[in-house]
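Peer 1: So you can see what is in the structure, the chains are spelled out below.
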Amino acid sequence: MDAMKHTLRDLAEYLGGRVVGDGSVSISSVASLRSADAESIVFVEDAKHLASALASSAAAVIVGNFGAGEVSVPAPAQKPLLIVSQPRLAFARAAKLLRGSEERTRSIHASASVPASAQLGKGAAVGPRAVLGEHVKIGDGTAIGAGCVIGDGAEIGAHCRLDANVTLYSGVTLGNRVVVQAGAVLGSEGFGYVRDSETGRYEQFPQVGRLVIEDDVEIGANSTLDRGALDETRIRRGTKIDNLVQVGHNVQIGQDVVIAAQTGLSGSAVVEDNVIIGGQVGIADHVRIEEGAILGAQSGIPTKKVIRGKGVVFWGTPARPLREYLKELAFLARAAKKSS
Amino acid sequence: MDAMKHTLRDLAEYLGGRVVGDGSVSISSVASLRSADAESIVFVEDAKHLASALASSAAAVIVGNFGAGEVSVPAPAQKPLLIVSQPRLAFARAAKLLRGSEERTRSIHASASVPASAQLGKGAAVGPRAVLGEHVKIGDGTAIGAGCVIGDGAEIGAHCRLDANVTLYSGVTLGNRVVVQAGAVLGSEGFGYVRDSETGRYEQFPQVGRLVIEDDVEIGANSTLDRGALDETRIRRGTKIDNLVQVGHNVQIGQDVVIAAQTGLSGSAVVEDNVIIGGQVGIADHVRIEEGAILGAQSGIPTKKVIRGKGVVFWGTPARPLREYLKELAFLARAAKKSS
Amino acid sequence: MDAMKHTLRDLAEYLGGRVVGDGSVSISSVASLRSADAESIVFVEDAKHLASALASSAAAVIVGNFGAGEVSVPAPAQKPLLIVSQPRLAFARAAKLLRGSEERTRSIHASASVPASAQLGKGAAVGPRAVLGEHVKIGDGTAIGAGCVIGDGAEIGAHCRLDANVTLYSGVTLGNRVVVQAGAVLGSEGFGYVRDSETGRYEQFPQVGRLVIEDDVEIGANSTLDRGALDETRIRRGTKIDNLVQVGHNVQIGQDVVIAAQTGLSGSAVVEDNVIIGGQVGIADHVRIEEGAILGAQSGIPTKKVIRGKGVVFWGTPARPLREYLKELAFLARAAKKSS
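Line by line, the protein sequences give chains A, B and C. Heads up, the first sequence is in the numbering used here, so the first residue is 571 and it goes up one at a time. Heads up, the second sequence is in the numbering used here, so the first residue is 571 and it goes up one at a time. Heads up, the third sequence is in the numbering used here, so the first residue is 571 and it goes up one at a time.
Be aware that a few hints might be false.
Each computed DSS-like pair below joins lysine-lysine, with the alpha-carbon atoms no more than 25 Å apart [as the list claims (entries may be wrong)]: (1) LYS897(B) with LYS875(A); (2) LYS897(C) with LYS874(B); (3) LYS897(B) with LYS618(C).
Covered, in the sense of this in silico footprint (three residues per stretch, anywhere, with C-beta under 8 Å from a C-beta of chain C), are these stretches of chain A [as the list claims (entries may be wrong)]: (4) 597-605; (5) 621-634; (6) 655-661; (7) 681-694; (8) 729-738; (9) 811-824.
Calculated Cβ distances over 12 Å to all of chain C for the following chain A residues [to be verified]: (10) ARG588; (11) VAL590; (12) SER594; (13) GLN648; (14) ALA700; (15) ALA752; (16) GLY762; (17) GLU773; (18) ASP843; (19) PRO872; (20) ARG904; (21) LYS908.
Source of the hints: derived by calculation from the structure; they are not laboratory data. Using N, Cα and C, we set each Cβ at its ideal position, and we do this for glycine too.
Between the sequences and the hints, there should be enough to build the whole structure, so can you do that?
Peer 2: Here's what the structure looks like:
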């Protein structure tokens with residue numbers, strides 16, 4: 571992976587920051603204080619870590635506006651600083667800029683299976699052994715990884731990245747700048763069965779709806795997202811989903827939601843905007859998580875329950891407000907000790 | 571996906587139902603009330619929803635035998651009805667019939683890797699980039715998806731469907747009409763190790779047994795089913811397994827069992843017929859779940875425990891009868907409040 | 571899979587054991603008492619099971635040094651015994667020896683994608699449709715399964731086995747004798763985002779660190795292991811990881827750790843040597859599990875918590891010593907009963 575080089579001055583312009591010191595130093599990567607070298611940039615969020623950053627091998631340091639009293643401008647011998655309002659965010663954006671060159675070398679690999687009916691945008695890339703179905707549409711600058719299988723009629727927007735061995739079932743649609751990591755499965759058939767009251771056997775309820783992934787959604791490795799049964803499953807703009815997450819049929823997830831690894835959402839659950847969900851959380855069918863609620867790791871929300879409370883943390887199974895749950899745990903520990 | 575068209579009268583004959591109204595209307599798909607169009611059929615399970623169904627854009631409505639007093643035969647201007655004893659089940663079967671034409675266009679893709687020793691049934695299909703090992707047997711009408719890898723000596727029955735990127739290890743056997751969704755792994759080596767008491771290091775206990783999947787089993791995306799250690803892992807007829815489920819070595823699962831997403835069964839667990847298991851349930855090794863028990867989501871069954879009770883719901887970790895568990899939760903909430 | 575044949579005498583020499591009876595019998599496989607045939611060897615760990623083993627169809631029995639008083643040397647008509655200090659371990663090693671011939675037939679499949687920049691060791695094999703990136707290094711005797719995708723610059727040691735459809739991201743390094751089962755994803759980008767305080771949108775924190783897997787590590791099917799964010803994720807020598815396990819960015823796992831299925835470790839968690847972790851355990855970020863602790867299935871360790879206690883079992887969420895947790899459960903059951 572050849573990264574691009576930029577001067578610190580270029581970075582400052584791109585990030586909307588201000589250089590203190592030598593803006594002509596060359597930067598080619600982001601790094602931690604420990605792993606930094608003479609061409610990397612590091613960041614600190616707190617003035618008290620500035621000294622360590624200046625002592626690292628980094629070429630430059632991204633820092634916040636800590637206030638005049640807190641940051642002493644480094645002497646000429648010290649490292650140049652890049653002062654921004656959100657240092658962690660600026661660091662993340664710098665990383666993206668420095669890796670930006672990778673997109674240019676993309677192409678359609680000779681071993682990819684691309685039917686004549688496929689529509690590929692400018693600069694779209696398809697990796698070795700990838701298989702596109704009929705009438706697939708792929709937007710500008712999107713990269714399909716090696717071994718991916720894209721079903722008939724799937725539509726993928728611009729500047730998306732599908733890593734290796736991803737499966738998209740037919741008809742799935744992805745917006746722009748969507749990232750899907752390796753092994754994820756999008757548009758599988760949901761878990762809906764009808765039991766024949768005469769024979770006791772299960773038959774599949776139709777799972778023929780859509781799966782719609784909006785712009786800037788990111789999906790982790792080996793996660794599984796089911797299509798709707800008759801209607802649609804939808805993940806809205808900017809939501810981030812970790813590895814090994816299960817999203818059932820007809821689930822609706824709002825904007826800027828964060829879902830940590832191994833969490834599962836059952837059929838028809840609704841998650842509103844700005845919700846934060848920890849790892850291994852279980853959300854039963856027809857649950858509603860209202861805007862801005864926070865679900866602690868491993869908590870469980872029973873069927874049809876509504877969780878309400880912007881910024882309120884819930885924990886336990888069945889989930890209750892963290893404060894209540896901690897009281898219960900404390901009471902139980904005390905009472906069990908006393909009784910023994 | 572071009573679906574077939576059928577008249578409502580055809581459907582009635584196939585489903586064993588009775589038409590009230592115009593049986594000549596043409597049906598090409600199933601739909602929800604919301605997504606219905608002029609060629610789709612919808613269903614209602616309750617007489618009180620009939621009015622909405624008649625107000626939808628659907629061509630016809632599947633309804634139950636609600637009794638003479640409840641269903642008023644629609645006026646000629648209204649939609650035709652298809653009256654059956656189990657409307658949800660009839661709807662599911664109608665969906666299958668309407669999608670039935672898909673199977674006909676199947677073939678062996680030129681990019682599939684099919685050795686001369688493979689035996690393929692009539693109408694069997696192998697998708698692009700799929701890899702069959704030596705001496706694989708595939709039954710009539712079975713479709714192997716793109717990117718699947720089928721190990722040496724695996725046997726797959728008739729009319730099965732393996733979606734994209736599925737892995738079958740060598741020697742795995744599948745019955746008829748088995749469905750395996752994308753990314754699932756069947757026949758992996760189980761998690762069994764012997765610790766060398768001198769070095770403290772772990773060495774693998776042999777994982778060389780079989781994995782047998784019987785007829786009509788369905789397995790969700792990215793689920794993993796281990797082969798037996800020395801003997802076999804077996805999933806019996808009609809059992810349905812959701813996404814991201816783990817089945818350990820030597821597990822025995824009965825008939826018509828339902829297992830929701832992200833549940834895990836440890837080695838040598840036994841699940842009898844007609845058990846229902848919620849999502850994220852953890853079943854330890856050598857557990858036995860007796861016939862017809864119901865395990866609530868996220869519940870946990872400790873080692874060697876026997877769970878007994880047809881139709882009884884168990885919840886919590888360690889799982890206890892739901893009634894007991896709810897009492898404990900209520901007591902705890904009250905007592906903690908009082909004590910604070 | 572043609573296995574090799576060995577005489578019992580050969581096995582005894584290889585395993586460091588002693589034959590009682592006819593050492594010339596031919597052994598081609600390991601088996602359970604139930605599945606044994608005339609060429610298989612079985613084992614018993616307890617003198618009381620010896621009679622059943624002698625009554626089985628096996629050719630020979632591996633037994634421990636039960637002491638002179640416990641094992642009566644079988645009459646000439648009975649089966650030969652192979653006496654060792656650790657019978658289960660010897661049985662496991664016998665299995666490995668008997669399957670050893672498989673490695674010899676390996677090669678580079680014509681349909682594999684192997685660029686000129688790849689370096690392959692002696693006897694290394696690459697399966698059908700596997701895709702190697704640029705500058706990949708693969709050690710002697712290592713086998714890459716069908717459909718694997720190996721990213722640029724990945725380094726894989728000697729005598730490793732990657733099963734079908736495994737994904738290695740670029741730069742991942744594996745030691746010697748590493749086993750990765752089907753569908754696992756190694757080196758994916760971790761779940762780290764920065765929220766823009768002005769727009770409320772999430773942007774990815776750089777996930778550009780390394781993933782290092784040391785010698786003798788084994789990883790289960792469809793597990794996902796993230797690379798470091800800026801530094802590295804590392805799994806040390808001899809650790810065994812089951813199916814569907816999630817390992818977050820910057821996690822450090824020690825030597826000879828055992829992690830059962832569906833467990834998740836969040837970012838920067840540290841697990842020291844010889845820890846045993848049950849299934850579906852959730853370990854939050856920055857947790858430290860100290861040497862030799864044992865975490866019961868489904869337990870949960872909250873953020874930054876330190877778990878200490880060699881050989882101590884912890885259970886519940888938040889995890890506490892098993893003894894305490896069982897007391898709490900017993901108290902709760904009693905008190906709830908009394909109060910109702």
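Peer 1: Now, for every hint given, state plainly whether the structure supports it.
Peer 2: So, going through the hints one by one against the coordinates:
1. LYS897(B) with LYS875(A): Holds, because 19 Å separates the two Cα atoms, which is no more than 25 Å.
2. LYS897(C) with LYS874(B): 20 Å, holds
3. LYS897(B) with LYS618(C): Not OK: LYS897(B) and LYS618(C) at ~45 Å, beyond 25 Å, violated.
4. 597-605: Check passed, 6 qualifying residues.
5. 621-634: violated (count 0)
6. 655-661: Held - the stretch 655-661 of chain A has 4 residues with a Cβ nearer than 8 Å to chain C, which meets the minimum of three.
7. 681-694: Coverage by chain C is violated for the stretch 681-694 of chain A (1 residues, Cβ < 8 Å).
8. 729-738: holds (count 3)
9. 811-824: holds (count 3)
10. ARG588: 17 Å, holds
11. VAL590: Fine: 23 Å to the nearest Cβ keeps VAL590(A) off the interface.
12. SER594: Non-interface label on SER594(A) holds, nearest chain C Cβ at 24 Å vs cutoff 12 Å.
13. GLN648: 22 Å, holds
14. ALA700: About 10 Å separates ALA700(A) from the closest Cβ of chain C, which leaves it inside 12 Å; violated.
15. ALA752: Given that some Cβ of chain C is not farther than 12 Å from that of ALA752(A), nearest at about 4 Å, it is violated.
16. GLY762: 23 Å, holds
17. GLU773: 28 Å, holds
18. ASP843: 9 Å, violated
19. PRO872: Holds: least Cβ distance 17 Å, greater than 12 Å.
20. ARG904: Non-interface label on ARG904(A) violated, nearest chain C Cβ at 10 Å vs cutoff 12 Å.
21. LYS908: Its Cβ does come within 12 Å of chain C, the nearest being 9 Å, so this is violated.
Checked against the numbered hints given earlier, the structure breaks hints 3, 5, 7, 14, 15, 18, 20 and 21 and satisfies all the rest.
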